[in-house]
Amino acid sequence: MPLRGSRYPLVARARGSILSDLSDETRTPEGSVSGELTDLSEEGRVRKRAEQAEARAHPQRRAKGLVIVNTGEGKGKTTAALGVLFRAWGREMRVVMLQFIKAKTANWGEKRAARKAGVEIIPLGAGFTWMSKNIERDRALAQEGWQQCRERIESGEYDIVILDELTYCVTLGWLDVHEIIDVIRRRPPGQHVIITGRDAAPELIEFADLVTEMREIKHPYQSGVRAQPGIEF
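Numbering (the numbering used here), first residue to last: 327 to 559.
Be aware that one or more of the hints could be misleading.
[What the hints assert, rightly or not] Straight-line Cα separation of at most 30 Å, DSBU-like style, residue types lysine-lysine; simulated pairs:
| # | residue 1 | residue 2 |
| --- | --- | --- |
| 1 | 430 | 442 |
| 2 | 374 | 390 |
| 3 | 374 | 430 |
| 4 | 437 | 390 |
| 5 | 544 | 437 |
| 6 | 401 | 374 |
| 7 | 390 | 544 |
| 8 | 390 | 401 |
[Said to hold, decoys possible] Estimated spans, in silico, between C-beta atoms of each pair:
| # | residue 1 | residue 2 | range |
| --- | --- | --- | --- |
| 9 | 368 | 480 | 22 to 30 Å |
| 10 | 379 | 476 | 25 to 33 Å |
| 11 | 497 | 416 | 30 to 38 Å |
| 12 | 557 | 367 | 40 to 48 Å |
Everything labelled a hint here was simulated from the structure, so no lab data went into it.
Glycine residues also receive a C-beta, built at the ideal position from the N, C-alpha and C atoms.
With these hints in hand, go ahead and build the complete structure from the sequences.
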């Protein structure tokens, strides 16, 4: 007997979430889901594979460099970017992450792992700017850091460039969002750029190919639990 939404609302909700979060492998070039997912017979599976192969061959599905923005108030923006970084490294892609806020002396978990793997993670800042006593120094570091980012984007030496916490520098008025967009727009073909941080500028959101908003529902800090090694740093 099939599970129907009226009797099993959680199942129906979960199925709706799955449908809305399907991989591109199951979508048509127009963006809709290709065919029903309920036919699990061998014939249905064969038909589904054929539809997916046809969708992948469509010209609109050709590979392209993406601009990805991870923003929002919730935890996980940098963490998600790190996941892409190490996934791409596993594919022997050339990757680099430049971190605008973290201090150059930082030795957090991702920095240690990157050092062992031979992956470039480059802190550009002097620590958390909202605790800084020298804003002008932080502004100068952000502008110097942006020049390093620009050089790496334009060099063509990288498949993925991650600009971690860049949005804060735009929000604080230290960097010009239009200049950033112009540099990224002229990047080498096929290069992916990932930007993280809260309060991404509307212009950046409009320009990006993929934008994810992290939304905090519950956080252990609210219960007095501090940041922990391996989870936050």
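Going through the hints against the structure:
Restraint check for residue 430 and residue 442: satisfied, since their Cα atoms lie roughly 18 Å apart, inside the 30 Å limit. Between residue 374 and residue 390 the alpha-carbon distance is near 25 Å, which keeps this suggested pair within the 30 Å criterion. Our distance criterion of 30 Å between C-alpha atoms is broken by residue 374 and residue 430, whose separation comes to about 50 Å. For the hint linking residue 437 to residue 390, the alpha-carbon distance of about 29 Å falls within 30 Å, and the restraint holds.
The hinted pair formed by residue 544 and residue 437 meets the criterion: a straight-line CA distance of about 27 Å does not exceed 30 Å. Proposed proximity of residue 401 and residue 374 is contradicted: the alpha carbons are some 36 Å apart, above 30 Å. A distance of roughly 36 Å separates the Cα atoms of residue 390 and residue 544; the hinted pair therefore is violated under the 30 Å criterion. Our distance criterion of 30 Å between C-alpha atoms is met by residue 390 and residue 401, whose separation comes to about 28 Å.
Between residue 368 and residue 480 the C-beta distance comes to about 51 Å, which lies outside the given range of 22 to 30 Å. Taking the beta carbon of each, residue 379 and residue 476 are about 40 Å apart, not inside 25 to 33 Å as hinted. Between residue 497 and residue 416 the beta carbons are some 33 Å apart, a value that agrees with the proposed interval 30 to 38 Å. Taking the beta carbon of each, residue 557 and residue 367 are about 44 Å apart, inside 40 to 48 Å as hinted.
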